[in-house]
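In order, the protein sequence lines correspond to chains H and A.
Counted the way our numbering counts, the first sequence spans residues 59 to 448.
Counted the way our numbering counts, the second sequence spans residues 15 to 611.
Mixed in with the good hints there might be a few duds.
Derived BS3-like pairs (lysine-lysine); straight-line CA-CA distance at most 27 angstroms [unchecked claim]:
#1 A/K528 <-> A/K407
#2 A/K66 <-> H/K211
#3 H/K216 <-> A/K66
#4 A/K388 <-> A/K407
Derived DEER-like restraints, expressed as beta-carbon distance ranges [stated by the list, open to error]:
#5 H/F118 <-> A/A80: 35 to 43 angstroms
#6 H/G228 <-> A/T198: 51 to 59 angstroms
#7 A/A166 <-> H/V167: 44 to 52 angstroms
#8 A/P128 <-> H/V272: 47 to 55 angstroms
#9 A/R56 <-> H/F118: 54 to 62 angstroms
Residues from chain H that face chain A, not an exhaustive set, calculated with beta carbons under 7 angstroms [said to hold, decoys possible]:
#10 L162
#11 G254
#12 F311
#13 F312
#14 F344
#15 S347
#16 L362
#17 F388
#18 G392
#19 V395
#20 L397
Simulated from the structure, these hints should not be mistaken for lab results.
Please read these numbers as outputs of a predicted model, since none were measured by experiment.
Backbone N, C-alpha and C define an ideal beta-carbon position, used for all residues, glycine too.
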Amino acid sequence: MTEMVYGTVVPQPNEAILPRWWRTVDKPTIVAILLLFAIGLLLGFAASPPLAERTGKDPFFYVERQALYGCVAFTLMFVLSMQPPETARRFALTLLALALLGLLALPVVGTNLGKGAVRWLALPGMTLQPVEFVKPGMLVFSAWLIAASYDPKGPPGKLASFAVTLLVVGLLALQPDFGQASLVLAGWLVLFYLSGASIVPLVLVLGLAAAGGVLAYGMSDHFAGRIDGYFAAEVDPRSQIGYATDAIRSGGFFGAGLGEGSVKWTLPDAHTDFIIAVAAEEYGFFAVSVILGLFAFIVARSLLRLRAERDIFIRLAGAGLVLMFGAQAFINMGVAVRLLPTKGMTLPFISNGGSSLVASGIAMGLVLAFTRTRPRGDIEDIFQRRQARR
Amino acid sequence: MTAIHPHGPTRVPLRPLARILHARATGENPDRIEADNIAQRREQMRDTLRRKSARRLTLVAALSVAGFLLIGQRMWAIANEPLAEPTGPATVVAASGRADILDRNGTVLAMNMPTQSLFADPLAMTDPEGAADDLVRIFPDLDRDALLRLFASDSHFEWVRPHLSAEQRQAVHDTGQTGLGFGTREMRFYPNGPVAAHLLGGTRVDLKSADAAEIFGTAGVELEFHNWLSDPANAGRPLVTTLDLRLQAIVEEVLEGGVALTGSIGAAAVLMHAPTGEVLALASLPDYDPNDRPVPVRDPKLAGTDPTFNRAVQGVYELGSTFKIFTVAQALDLNLVEPDTMINTRGPMTVAGARISDFHDYGPALTVSNVIVKSSNVGTARIAGLIGPERQKAFLESLGLLSQSPLEMPEARTARPSAPSWGPVESATISYGHGISTTPLHLAAAYAAIANGGHRVTPTLIAGQRHEPGPQVLRPEVAAAATEMLRQVVDHGTARNAGVPGYNIGGKTGTAEKPGVGGYDEDANIATFASIFPTEAPEYVLVVSMDEGSLFVNGATERTAGWVAAPVAGEILRRIAPLLGLRPSIAGADASGVDRP
Numbered sequence: 059m060t061e062m063v064y065g066t067v068v069p070q071p072n073e074a075i076l077p078r079w080w081r082t083v084d085k086p087t088i089v090a091i092l093l094l095f096a097i098g099l100l101l102g103f104a105a106s107p108p109l110a111e112r113t114g115k116d117p118f119f120y121v122e123r124q125a126l127y128g129c130v131a132f133t134l135m136f137v138l139s140m141q142p143p144e145t146a147r148r149f150a151l152t153l154l155a156l157a158l159l160g161l162l163a164l165p166v167v168g169t170n171l172g173k174g175a176v177r178w179l180a181l182p183g184m185t186l187q188p189v190e191f192v193k194p195g196m197l198v199f200s201a202w203l204i205a206a207s208y209d210p211k212g213p214p215g216k217l218a219s220f221a222v223t224l225l226v227v228g229l230l231a232l233q234p235d236f237g238q239a240s241l242v243l244a245g246w247l248v249l250f251y252l253s254g255a256s257i258v259p260l261v262l263v264l265g266l267a268a269a270g271g272v273l274a275y276g277m278s279d280h281f282a283g284r285i286d287g288y289f290a291a292e293v294d295p296r297s298q299i300g301y302a303t304d305a306i307r308s309g310g311f312f313g314a315g316l317g318e319g320s321v322k323w324t325l326p327d328a329h330t331d332f333i334i335a336v337a338a339e340e341y342g343f344f345a346v347s348v349i350l351g352l353f354a355f356i357v358a359r360s361l362l363r364l365r366a367e368r369d370i371f372i373r374l375a376g377a378g379l380v381l382m383f384g385a386q387a388f389i390n391m392g393v394a395v396r397l398l399p400t401k402g403m404t405l406p407f408i409s410n411g412g413s414s415l416v417a418s419g420i421a422m423g424l425v426l427a428f429t430r431t432r433p434r435g436d437i438e439d440i441f442q443r444r445q446a447r448r
Numbered sequence: 015m016t017a018i019h020p021h022g023p024t025r026v027p028l029r030p031l032a033r034i035l036h037a038r039a040t041g042e043n044p045d046r047i048e049a050d051n052i053a054q055r056r057e058q059m060r061d062t063l064r065r066k067s068a069r070r071l072t073l074v075a076a077l078s079v080a081g082f083l084l085i086g087q088r089m090w091a092i093a094n095e096p097l098a099e100p101t102g103p104a105t106v107v108a109a110s111g112r113a114d115i116l117d118r119n120g121t122v123l124a125m126n127m128p129t130q131s132l133f134a135d136p137l138a139m140t141d142p143e144g145a146a147d148d149l150v151r152i153f154p155d156l157d158r159d160a161l162l163r164l165f166a167s168d169s170h171f172e173w174v175r176p177h178l179s180a181e182q183r184q185a186v187h188d189t190g191q192t193g194l195g196f197g198t199r200e201m202r203f204y205p206n207g208p209v210a211a212h213l214l215g216g217t218r219v220d221l222k223s224a225d226a227a228e229i230f231g232t233a234g235v236e237l238e239f240h241n242w243l244s245d246p247a248n249a250g251r252p253l254v255t256t257l258d259l260r261l262q263a264i265v266e267e268v269l270e271g272g273v274a275l276t277g278s279i280g281a282a283a284v285l286m287h288a289p290t291g292e293v294l295a296l297a298s299l300p301d302y303d304p305n306d307r308p309v310p311v312r313d314p315k316l317a318g319t320d321p322t323f324n325r326a327v328q329g330v331y332e333l334g335s336t337f338k339i340f341t342v343a344q345a346l347d348l349n350l351v352e353p354d355t356m357i358n359t360r361g362p363m364t365v366a367g368a369r370i371s372d373f374h375d376y377g378p379a380l381t382v383s384n385v386i387v388k389s390s391n392v393g394t395a396r397i398a399g400l401i402g403p404e405r406q407k408a409f410l411e412s413l414g415l416l417s418q419s420p421l422e423m424p425e426a427r428t429a430r431p432s433a434p435s436w437g438p439v440e441s442a443t444i445s446y447g448h449g450i451s452t453t454p455l456h457l458a459a460a461y462a463a464i465a466n467g468g469h470r471v472t473p474t475l476i477a478g479q480r481h482e483p484g485p486q487v488l489r490p491e492v493a494a495a496a497t498e499m500l501r502q503v504v505d506h507g508t509a510r511n512a513g514v515p516g517y518n519i520g521g522k523t524g525t526a527e528k529p530g531v532g533g534y535d536e537d538a539n540i541a542t543f544a545s546i547f548p549t550e551a552p553e554y555v556l557v558v559s560m561d562e563g564s565l566f567v568n569g570a571t572e573r574t575a576g577w578v579a580a581p582v583a584g585e586i587l588r589r590i591a592p593l594l595g596l597r598p599s600i601a602g603a604d605a606s607g608v609d610r611p
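Just need the whole structure built from these sequences, with the hints factored in.
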């Protein structure tokens, strides 16, 4: 039997991997990602010299390192995007297993990098946040199980994936890393919703999560402090948020000018969590709107491409990964404009930092692998629409 | 086979018996049919799911874009906000618009004036040395080295000057130096300079940030009513005092002249409206300019020369013979004597071993009236002997002379009248104002009780209050008799120098030697004159007190109040009487109303 399906890429005999990849991959998204990385490097020139000065490195040490990590990340991304969905899935599951091991090892070999919680694995030459790799891994894993549950003889994948998700959430909450824990939980909920399942259990779980949040507020000073800071009417002008707001304000619409910004000197996390404030100060609102537009474009385009995907797993995994990518960007920038409470979250492809860059590269490599042009399922919709018109 | 099922999902039994039987009959494998069934159902389900899923994906994609748009909107809003000062002291918006202080006629005593502050942003300076040079040129009182130290600091915000005039601001602006900034603010301004300085007190500015400075009262009414003045709920409503700026200015001017003429080291005056206790003028010399209030001298030994020291309210002095009228008034009130009762004034008199004598020998006896007119210590002490210490103390207490004054000034609470003990000797000396120390304000309030027909007076500075007459401490006819005695003092007694043609003035002089080393100092007197006018319908009380004044008259140095304080009071009265609406009665004015030239 031949697959004669609308949208199928006509197989060409003996076609090499690269040309076939190039024909089917989502090229505009690749362009958008590369643009984001380029902007990130450009901002790194502005944002990282103060850090280099503090650590006694060459002014552009961190930019060079970022470019180096960029090579690694993009190699990973391109190689992953060339893989068939099964291989991509296996890769992601392996990654998940390793990341979970890393997460478990944190109490033993972790470091807190002088910040609040022990979240980093110190590897020779770099520090890694295992949770950065747990998130995409969990998404692919949950997508796989949920998709399997729709098979008439399939396993009870929804329940199983939820159980595993809860375990991981618990593990993260013990760190404590409530932000990432809620992101993992939210990821599962989004997959569940996108799979087309009933809304009722979703509402239940959301209610439970809210109760958990209230509990965490009562029991963790760290968490409560963040939330209180968010609800405080006045911004303390000497807090990170205060400086970031000032930076955005002084940038105005066209920016203070290249290298003219001052926020990078006062904000300890200017090159990572608050890089958008540096962008806003030096390049102004219009540069920020370009970044926002690129993120919105990547997320929306991938989601819309996945609408026609016939395979449930691919649809769920692709949508989950790209939404996680978007959520990360949204949270990072939302914090800087005081839309959200303070949460240390990097801006994918833009923030300086190897771990984040490699994780983003892997996530987007998987997304690109899942959004490649494939047999599409929407021919039926087209037929029905024609019939209705007639 | 294709995956198209245009009829939608219909539930096909997994093992349709008929088909299986048919398959068996035709020799087909029934498992294949079952597998085919499963595959069909999977396809169907996948397609319904996919459609549902596609709708949800579209929704999520729209939500994602909306999320990024929301961030964009927030960025737009923040970028659009006016540029606030990014660093520097935390910006706390100070309560601006501190209320004005007015006198009883609505004349401004204290107001706010917009001004500019100058601050430096050392990190933004390109030429600190040049900036320091320029600033020293504009403000010669600035120290160049101090400025350079300031400009070398590693900060974004350093104060240079709290207030600039418009011209100074322009001059700084014209230097074109970077890293210098201006903030708008308000300053407290006293348009009348040193007039009523002690009453108003002063303010200090608490620099908060470039655009916010809080004004705090440091003394006087500014301190007493600080909360009221800075309360936004009263914004726009001025604080109206009972002061009359015209009277205050006259009192200060004449007092200053008197100080210069008599070589006094200081002086105080209180003008009070007797029925209400409202203070119309309150002066103390030396004074100061509240726009630039000096730092108070902490050393009590130097308090006499401290310009911020309010003698009228804070200064506790022995006020001498001015107290005699209280003794006589009480004796009259108790029906112990009549104004023409003869009193033995043969001196010196001995009370419990202490000798009391008079300034002059007034002969063997005087009427009660003449004891006051001639100011006989012996006569007064004899009358006090009739009253007794307990009743004397209670009476002085009822006049408010022994407790802290209720005047609305923080300084008034620091002064407590002193009368260490109250035996027979003290009773005798206190009867003529020695061994008891009060402030000129206390004395004015006590005289006001005589002037208003015998009601106790509560001195006040705040206008617009309802004034109920205080408790009766003297019978009205006794108050009138005492007033008449005081008139005779000015008419032909010790205070003739206080007389003003055309006006009936009553008053009593008091000269007390200041406590010096090992007793009293003969050459250092407090000369006080307390007066009531007009005596035909007493309404005002004026107390003038001169510290260490002397006058060379007729070949002799006079230190008594009759020469040092009375003429000053007379001159004040002569000038303020027309302003108070008092009409002089010119002797011989005929019915046509045309006064004799």
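Verification of the supplied hints:
{"no.": "1", "hint": "A/K528 <-> A/K407", "in the structure": "holds, 23 angstroms"}
{"no.": "2", "hint": "A/K66 <-> H/K211", "in the structure": "holds, 21 angstroms"}
{"no.": "3", "hint": "H/K216 <-> A/K66", "in the structure": "holds, 17 angstroms"}
{"no.": "4", "hint": "A/K388 <-> A/K407", "in the structure": "holds, 24 angstroms"}
{"no.": "5", "hint": "H/F118 <-> A/A80: 35 to 43 angstroms", "in the structure": "holds, 38 angstroms"}
{"no.": "6", "hint": "H/G228 <-> A/T198: 51 to 59 angstroms", "in the structure": "holds, 57 angstroms"}
{"no.": "7", "hint": "A/A166 <-> H/V167: 44 to 52 angstroms", "in the structure": "holds, 47 angstroms"}
{"no.": "8", "hint": "A/P128 <-> H/V272: 47 to 55 angstroms", "in the structure": "holds, 51 angstroms"}
{"no.": "9", "hint": "A/R56 <-> H/F118: 54 to 62 angstroms", "in the structure": "holds, 56 angstroms"}
{"no.": "10", "hint": "L162", "in the structure": "violated, 32 angstroms"}
{"no.": "11", "hint": "G254", "in the structure": "holds, 4 angstroms"}
{"no.": "12", "hint": "F311", "in the structure": "holds, 6 angstroms"}
{"no.": "13", "hint": "F312", "in the structure": "violated, 9 angstroms"}
{"no.": "14", "hint": "F344", "in the structure": "violated, 9 angstroms"}
{"no.": "15", "hint": "S347", "in the structure": "holds, 6 angstroms"}
{"no.": "16", "hint": "L362", "in the structure": "holds, 6 angstroms"}
{"no.": "17", "hint": "F388", "in the structure": "holds, 5 angstroms"}
{"no.": "18", "hint": "G392", "in the structure": "holds, 6 angstroms"}
{"no.": "19", "hint": "V395", "in the structure": "holds, 4 angstroms"}
{"no.": "20", "hint": "L397", "in the structure": "holds, 6 angstroms"}
Checked against the numbered hints listed earlier, the structure breaks hints 10, 13 and 14; every other hint is satisfied.
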